[in-house]
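Numbering follows numbering that gives the first Met the number 0, in which position 146 of the sequence shown is assigned residue number 145; successive positions increment by one, without gaps.
If a hint is listed, it holds; no wrong ones were tucked in.
Computed list of lysine-lysine pairs in DSS-like fashion (alpha-carbon distance at most 27 Å, straight line):
(1) K57 with K93
(2) K57 with K139
(3) K57 with K137
(4) K93 with K18
Using C-beta positions, here's what the derived DEER-type ranges look like:
(5) N128 with E99: 38 to 48 Å
(6) G33 with D96: 27 to 37 Å
(7) T54 with R98: 13 to 23 Å
(8) H145 with K93: 26 to 36 Å
(9) H60 with R138: 11 to 21 Å
(10) D76 with A134: 32 to 42 Å
(11) G33 with Q67: 18 to 28 Å
(12) K18 with A146: 17 to 27 Å
(13) N128 with D76: 29 to 39 Å
(14) D96 with R119: 33 to 43 Å
It should be emphasised that the hints constitute simulated quantities derived from the structure, not laboratory data.
Virtual Cβ for every residue (Gly too), placed ideally from N, Cα, C.
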Amino acid sequence: MHLNTDQFAKDTGPRATRKNEIWSVEFAILDIPGRPTVWATLDVFSRLPVVLDTTSGKIDHILFNLDQAGRCGRYPDRLWIDQGYEFRSQQLQKWADLREVELVFGAPIWKRAVAERFLRQLSLFVRDNGLTNPADFKRKLAEWHHAYEEAAAAAIN
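Full structure from sequences and hints, please.
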């Protein structure tokens, strides 16, 4: 699987100085039948997804996956999130307080550059593979995630 590794180049603006310092939560609705919503939580330093999944957008599902990611490594110091209603919940605030994670609503504008490269690659993958079936998409998403991580690791090292 070919991936454009240019997206792993570091930005010139402010950025994280180590892994798990900042995670950025991003959502994208795909233009395929069923219009699945993909959510990615990216480590800003490495540009790698710590979570990549489809979601209904329910906060319980999001918190479960963030917990799984934090337990596999460590929780971030800060979590950049959108201003969306699903993030303005007491559940999210309680989750963050218990794990000593600072929530940053409406993070810096350059945050978009971190996610846009990633989401652009995901969109190209969907288009290039002619994914029109949501079940195929879910299966292929896992394959793409693995290939993306390998390409990123090779480009960073």
